[in-house]
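Participant: Given next are the chains, with one letter for each unit.
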Amino acid sequence: MTQVQDPFATMRPVELGKVEQELDNMWRDANAHLAATGAPAVSRNSVLTLVLYTTSRTYAGHLLEVVHTLSSQHPSRAVIVAADPKDEGDEIQAQIATFVNTDTNSYGEDIVLTAQSNAIKHLPGVVLPLIVSGLPAFLWWSGEPPWGSEMLESLIDGSDRLIVDIGEMTHIERSLGALENLMLRKAARCAISDTSWTAQAPWRDLVAQFFDSPAVLPYLSAAERVSVDFAAGEEDAQENSGQAYLFAGWLASRLGWKTQQTHARSMDANRQHTLRDTNGRAILLEVNPRYGVNQRNWWEPDIYATTFNAGQDAPPWVRPGALMSIHITARLEGKRATFTVAREQDLAHATTLCHIPDIAVPSQTIHLDSVGEREPISEQLRSLGHDSVYEEALTAAAQFVGTGKIR
Amino acid sequence: MEIALASQQSQNPLRVGMRSARNVAPCVMVIFGATGDLTHRKLLPALYNLALEHPLPPQFTVVGVARRPFSNEEFRQQALDSINQFSRRRPVNERVWDTFSKGLYYHQSQFDDKSGYEGLAKLLEQLDQERGTGGNHIFYLATPPSFYGTIGDLLNSAGLASQDGNGGQGWSRIIVEKPFGHDLESAMALNKELNKAFKEDQIYRIDHYLGKETVQNIMVLRFGNGIFEPIWDRRYVDNVQITVAENIGVDSRGDYYEEAGAMRDMVQNHMMQLLTLVAMEPPTNFGANAVRDEKVKVLRAIPPFAEAEIAADTVRGQYGPGMVGGEVVRGYRQEPGVNPNSRTETFVALKLAIENWRWAGVPFYLRTGKRLTKRITEVAIQFKRPPYLLFQGTGTDQMQPNVLSLRIQPNEGISLLFEAKVPGQEMQLRSVNMDFLYGSSFGVEPPEAYERLLLDCMLGDSTLFTRIDETEYSWQLIDAIEHAWSRSLAAALPQYEPGTWGPKEADALIERDGRTWRRL
Ligand SMILES: NC(=O)c1ccc[n+]([C@@H]2O[C@H](COP(=O)([O-])OP(=O)(O)OC[C@H]3O[C@@H](n4cnc5c(N)ncnc54)[C@H](OP(=O)(O)O)[C@@H]3O)[C@@H](O)[C@H]2O)c1
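As you go down the protein sequences, you meet chains G and A in turn. Residue numbering for the first sequence follows this note's numbering, starting at 1 and increasing by one per position. Residue numbering for the second sequence follows this note's numbering, starting at 408 and increasing by one per position.
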């Protein structure tokens with residue numbers, strides 16, 4: 001067993017009250033060093049503050065790597081909070097670093113805060129003053145947020161956008177409901193968004209594309225059955241249907257389909273819902289797990305590459321609960337049409353297939369990575385404000401699982 | 408054009424709120440000159456990149472047209488080679504290639520063979536059926552410009568040119584490459600030819616500079632920020648310098664270059680685009696015509712050169728033999744394909760005026776050339792000096808003017824040069840450069856200019872293409888200079904040392920006004 005290295009070993013520990021002052025010093029030192037070598041000074045500019053919350057220092061290390069890859073597009077101050085409730089004690093410790101990579105023209109500054117169990121509730125008082133005034137503040141929550149906690153509420157109140165990942169949550173019924181509730185309560189000050197939603201964008205695009213043609217569009221309002229399959233591990237392992245419901249929620253909210261009752265049977269993995277369109281026509285929605293799919297968090301490093309022989313291909317994987325296939329059946333004036341987007345065996349590609357009487361549509365394969373499935377955070381930092389399409393999809397998803405408000 | 412754009416907006420409720428709310432309609436792109444260099448290096452790689460990153464509709468189809476007897480398979484193989492060699496996303500993704508390549512077809516024909524176009528029309532009709540492209544056709548002329556007229560005519564007689572394609576279904580558009588004419592007369596003649604078959608709003612004239620992210624960013628910088636526009640005029644701006652410098656020579660393109668020269672190759676198109684984007688008034692909207700209307704107004708406000716001014720306000724030059732980076736390089740006249748007595752210029756420097764309310768009295772200095780010190784494209788706005796009486800006698804009378812520089816390539820970015828006090832008891836000032844570098848990218852790697860332009864044409868958005876009046880006004884300007892130059896055959900055509908910033912006459916041009924070129 002190799003010793004796990006402290007991911008922040010090279011960072012400078014500082015007193016909590018002196019973070020700003022020490023950062024100033026670090027930039028000055030860095031520039032003095034550059035000036036001595038005749039290189040041009042680097043400017044300390046940022047376009048946003050990113051507060052990142054996680055419960056483990058190891059994860060915090062991985063996530064910081066991701067943040068650094070973003071900094072060429074989003075020069076930022078990153079405040080990484082590692083708050084492990086199992087780490088008993090009363091302390092919050094700070095470490096800082098400046099980050100300059102002249103090869104990629106990226107720069108930023110990092111502040112890592114490690115909070116012990118009893119100090120977690122005091123985090124807002126430490127984090128909020130570190131947010132750069134006047135610039136947008138993003139709160140990126142890795143894992144399941146502690147719904148209802150005062151600490152969470154205060155951090156959200158100090159941010160412009162909360163970024164979560166439904167794919168990292170453990171109890172989907174509760175999480176979707178809690179998220180929707182948060183979204184409604186915080187609407188005036190903070191927008192909510194989800195990296196899983198961003199990762200699904202290519203899937204939404206492909207499904208929408210089926211119906212771009214005016215000749216095919218009428219089939220959309222004649223849909224009878226929609227099934228959404230999501231990735232799951234072993235049959236008895238915890239599964240995450242959040243992304244599947246979010247996708248179904250998108251389709252339903254765009255098309256005005258409403259649920260009457262839910263049949264979420266926790267004992268039965270197959271979830272079926274009867275929806276009604278605005279004319280009262282029934283649409284059957286099915287959400288199914290696809291077992292035995294290799295899953296992992298997108299921001300974790302490629303353990304395989306570091307542990308095994310380099311050069312060997314890592315086994316393919318997807319985000320937990322990722323979409324595996326979408327299948328829509330429609331019947332228009334007696335003509336039956338089917339529309340399918342399915343992830344390929346290699347997990348990296350998706351292929352579209354549709355059968356429509358009298359209309360030729362070639363099938364198409366896309367590389368999901370190339371259209372942004374795996375690295376969704378950068379896109380998140382690009383937008384401020386509310387994404388009403390997401391919000392409506394979330395509301396619908398929460399209704400399907402029975403925790404949303406039926407309106 | 409704005410109306411055309413609006414009609415592109417989808418009726419599809421699933422498109423609401425999507426990034427790609429403007430979706431590409433299924434279409435066929437017919438490339439004339441499909442076995443040529445441009446198709447090989449730029450077009451096929453760009454189309455593949457689009458298919459990879461921006462899912463083009465599955466129906467999207469390419470038909471290559473050229474002389475040599477290729478089969479579909481051979482054309483596909485050539486496309487695969489192009490992608491593997493030139494795509495920024497190489498090597499090819501095999502699964503994506505599988506579906507993309509099924510949409511590639513080849514049609515052998517001479518450009519002037521009528522029956523070839525009848526065959527093409529049949530093929531398109533068949534593809535419209537089989538692949539669902541609905542009569543939407545884009546014709547890309549990657550051919551010598553001498554064929555534009557013929558191809559337009561023959562497309563027309565084959566019924567392929569009409570605004571609404573086959574039998575009222577679908578649309579047709581035509582893309583033409585630079586050079587668009589070699590003077591005003593030929594440009595107008597070329598246009599007249601094209602207009603017999605295509606209306607102006609069907610014609611997309613490519614200037615690939617406009618496809619560059621950083622060129623588009625000039626508009627964003629100016630009109631997306633509140634702080635620049637108020638100082639963007641004669642009250643605050645002292646002069647504007649536009650540099651498009653290349654460090655390479657003409658390489659194997661001597662034949663082509665002999666006919667063109669720096670003026671036609673760079674100034675008439677790319678530099679005029681930069682100039683108009685920097686100098687134009689805010690458009691009323693970002694629709695194609697509103698933006699281009701404003702650009703044209705700038706061109707119209709440039710007074711034509713009087714003969715006497717040409718000697719004073721223009722400089723040309725030709726690179727001689729020399730050494731670059733320790734290697735001996737040929738002079739222009741020794742390059743293959745170049746006349747040993749050539750009078751074609753490889754360097755131009757110009758001083759232009761824009762006579763309107765905003766720019767009266769502000770000189771615009773332009774310079775471009777081959778075999779210069781480095782490869783750099785930049786627009787620099789030099790602001791007026793403050794009344795520096797305040798700091799006189801403190802060694803600060805050497806203060807630099809503030810400069811806002813927009814670097815187009817390489818190291819795209821924006822920098823602002825300003826003065827700051829050196830810490831200490833003395834009043835000592837020092838220039839500080841505040842640099843904003845776009846990361847190496849705003850995504851993974853910035854899309855190639857051709858990707859953006861091809862996509863815009865598929866979407867029917869011609870904002871980033873050159874309108875006929877832009878072309879004509881800029882030729883008018885260039886013609887006056889070219890005529891004067893050719894009349895005074897004996898006029899100076901100084902040779903310059905490779906690896907320098909051009910002939911010393913170029914320095915004299917700007918120094919006469921008490922200014923200097925920016926050191927780049
Ligand atoms: N290359 C560039 O990077 C570049 C950049 C900017 C603009 N342009 C412009 O783009 C255009 C094309 O340039 P290019 O470099 O690609 O030219 P090129 O390499 O010479 O290719 C010419 C193409 O036209 C075909 N062709 C020529 N005469 C024909 C005829 N009578 N009938 C049928 N096909 C014929 C050739 O087919 P075969 O091979 O079968 O004979 C070939 O596919 C020119 O207007 C050029 O100025 C090029």
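Possibly wrong hints are sitting among the right ones.
Restraint-style ranges between C-beta atoms, simulated for each label pair [unchecked claim]:
no.: 1; chain 1: G; residue 1: H355; chain 2: A; residue 2: G526; range: 28 to 36 Å
no.: 2; chain 1: G; residue 1: N181; chain 2: A; residue 2: G424; range: 44 to 52 Å
no.: 3; chain 1: A; residue 1: P637; chain 2: G; residue 2: K86; range: 32 to 40 Å
no.: 4; chain 1: A; residue 1: G424; chain 2: G; residue 2: K121; range: 32 to 40 Å
no.: 5; chain 1: A; residue 1: N563; chain 2: G; residue 2: R382; range: 27 to 35 Å
no.: 6; chain 1: G; residue 1: K186; chain 2: A; residue 2: N479; range: 38 to 46 Å
no.: 7; chain 1: G; residue 1: S221; chain 2: A; residue 2: I655; range: 28 to 36 Å
Treat the hints as calculated values from the structure; they're not laboratory data. From the three backbone atoms N, C-alpha and C, an ideal C-beta is built for every residue, glycine too.
Participant: Now, for every hint given, state plainly whether the structure supports it.
Facilitator: Going through the hints against the structure:
no., hint, in the structure
1, G:H355 with A:G526: 28 to 36 Å, "holds (32 Å)"
2, G:N181 with A:G424: 44 to 52 Å, "violated (22 Å)"
3, A:P637 with G:K86: 32 to 40 Å, "violated (57 Å)"
4, A:G424 with G:K121: 32 to 40 Å, "holds (38 Å)"
5, A:N563 with G:R382: 27 to 35 Å, "violated (45 Å)"
6, G:K186 with A:N479: 38 to 46 Å, "violated (57 Å)"
7, G:S221 with A:I655: 28 to 36 Å, "violated (58 Å)"
In this structure, the hints that do not hold are numbers 2, 3, 5, 6, 7, in rising order.
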